[in-house]
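**Q** Starting from the structure of chain P, add chain B where the hints point.
Protein chains: 2
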Amino acid sequence: MNTKVVALAGGVGGAKLADGLYKVLPPESLTVIVNTADDFQHLGLQISPDLDTVCYTLAGLANAETGWGRADESWNALDNVSALGGPDWFRIGDRDLGTHLERTRRLKDGQSLSQVTKDFCRVWGLHAEILPMSDQPVSTIVQTDEGELAFQEYFGARASQPKVSGFRFAGADSAKAPKKVLEAISAADLVLICPSNPWVSIGPILAIKEIQSALSEKRVIAVSPIIGGKAVKGPAAKMFSEMGIAPSALAVANHYGKLLSGFVLDQTDTEQLEAIQALGIMALATDTLMNSSADRQRLAKEVLEFGYSF
Amino acid sequence: MNTKVVALAGGVGGAKLADGLYKVLPPESLTVIVNTADDFQHLGLQISPDLDTVCYTLAGLANAETGWGRADESWNALDNVSALGGPDWFRIGDRDLGTHLERTRRLKDGQSLSQVTKDFCRVWGLHAEILPMSDQPVSTIVQTDEGELAFQEYFGARASQPKVSGFRFAGADSAKAPKKVLEAISAADLVLICPSNPWVSIGPILAIKEIQSALSEKRVIAVSPIIGGKAVKGPAAKMFSEMGIAPSALAVANHYGKLLSGFVLDQTDTEQLEAIQALGIMALATDTLMNSSADRQRLAKEVLEFGYSF
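For the protein sequence lines, the chains are P and B, in the order given. Note that this note's numbering gives residue 294 to position 294 of the first sequence, counting from 1, and the numbers run on in steps of one. Note that this note's numbering gives residue 76 to position 76 of the second sequence, counting from 1, and the numbers run on in steps of one.
Isolated chain P (complex conformation) (with noise of 0.2 Å):
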């Protein structure tokens, strides 16, 4: 089988997901989509905090207990910093640092995201294509009762407490795909939604319309990142609630709507599965909390087993 399957992922969830593909699937069959909307400058560095975690996470440099970061890292960069009295709510180790100077370096020099990315996913092995969603800058602001925020000031510096009424990918509009991510999405027989957030990490792919039309000829299944009215980790339950949707399994296929063939749900909620049929979109209600290597594998193999069987 010539497999050819196009993940969607924001961070540590959709990394997780991405990677249990990468270990079941035959090399050079997968292509990782990443959100980009989050990227941001700190400390006079690019940093691409959604390609790092799904590129560390894949090629096995990954801080197992925090799911981002590098493993085995070190502080002492940072904890300088810290000292001399600078920024240091984002947490960059030692070794996560070298691939920021470096990635900086080369933005600099001209050379695109996507080329980047390629180089280093070679250093570090990887037999997937890793993506960026766009070679343009694309920016994540969340609108919330405080105004107005950048995503990182949001996420990062506020702890996701300010209350979300909406969201706006700044530069969108404009920002074109790579050719690779619409020559990948064209040659796939499945796409996948990893179980990121439904709102910032997958919200600003599909707001690049090259993508959204892509997608639209396309096999779409997606993972929820909400089990038991509640995500895995991160803010997405809470802006389902303050968007004014109680959040749930169904709340996710409904939001990606007419995009979906398929949903993938966890048992926990298998009372859904029937909502999500009656839209319209095959489901699936099994184990999809991913706390081991082995959790990633056979979750990603249930999902294409699923994606391929109808």
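Heads up, some of the hints might be wrong.
[Claimed, not checked] Here are some chain P residues pointing at chain B (derived, C-beta under 8 Å):
1) N80
2) G85
3) T99
4) L101
Bear in mind the hints are in silico, worked out from the structure with no lab data behind them. Even for Gly, the Cβ is constructed at its ideal location relative to N, Cα and C.
**A** Quick look at chain B alone, frame taken from chain P:
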């Protein structure tokens, strides 16, 4: 005795004597004016090698083996930059990197190098004033048989191999000395030129007209960085030779010329004492090698006693 001493210093050798002075002088009585013409941009960071070497040395944070960089250092960031194919010829440790990141952030934010250095020195608990020679950029250009080279290109990437024919300090003509530099020189009863490279460490400081002019009214004592015709460290002797001057303590005294009231040379070179005195410069021959902290303090005491003796 309300001693006010100013020391002019470059990197490692200068920092050693400055450290001796710092240890033997009463608090608040030492000002070190440091060369910034080696400063450069690297990996997007604003790096001030001599300022950091002096600060780290006096604060007891320096790597005792290398004389530069931080003690108890890790190298994870640069190792990753290197693995990713980035430039690794300039050795930046992780702790050191924190200094560059925070300095760069503050400079971009509009703070002066003087202000940043003052803030850092306070964090590091220093009771001496450590001042950059200027807050404006001055860049040492080494004129060689391969053309003009930026200092770090010559010294770092090319390991001081190209043959030197001269020096140029770009920006020195228009650079101002910070007010505190001129105040410190004005208040000083003794100015010491540390055993740093006369061409590329002390040369740029003296190339700033306001400093040159302020020094002309002061008792200035230089300590020879050349011992037995060789530099303790670095390319100073090689530079003298390539400029057509046999490297010696006498050559250093001649180089500084009328600026000097006194000169301290190594006991190895005692036979040059009279020739130096014949220039109208008071001279002292003693053991100028600084292998230990005790050596630094002994030499500092001797130089101070000599400076105040005539």
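**Q** Hints first: check each against the structure and report whether it holds.
**A** For each hint, the structure was consulted:
1. N80: Holds: closest Cβ of chain B sits about 3 Å from P/N80, inside 8 Å.
2. G85: Since the shortest Cβ distance to chain B is 7 Å, the answer is holds.
3. T99: Interface hint status for P/T99: holds (6 Å vs cutoff 8 Å).
4. L101: Result: holds, 5 Å to nearest chain B Cβ.
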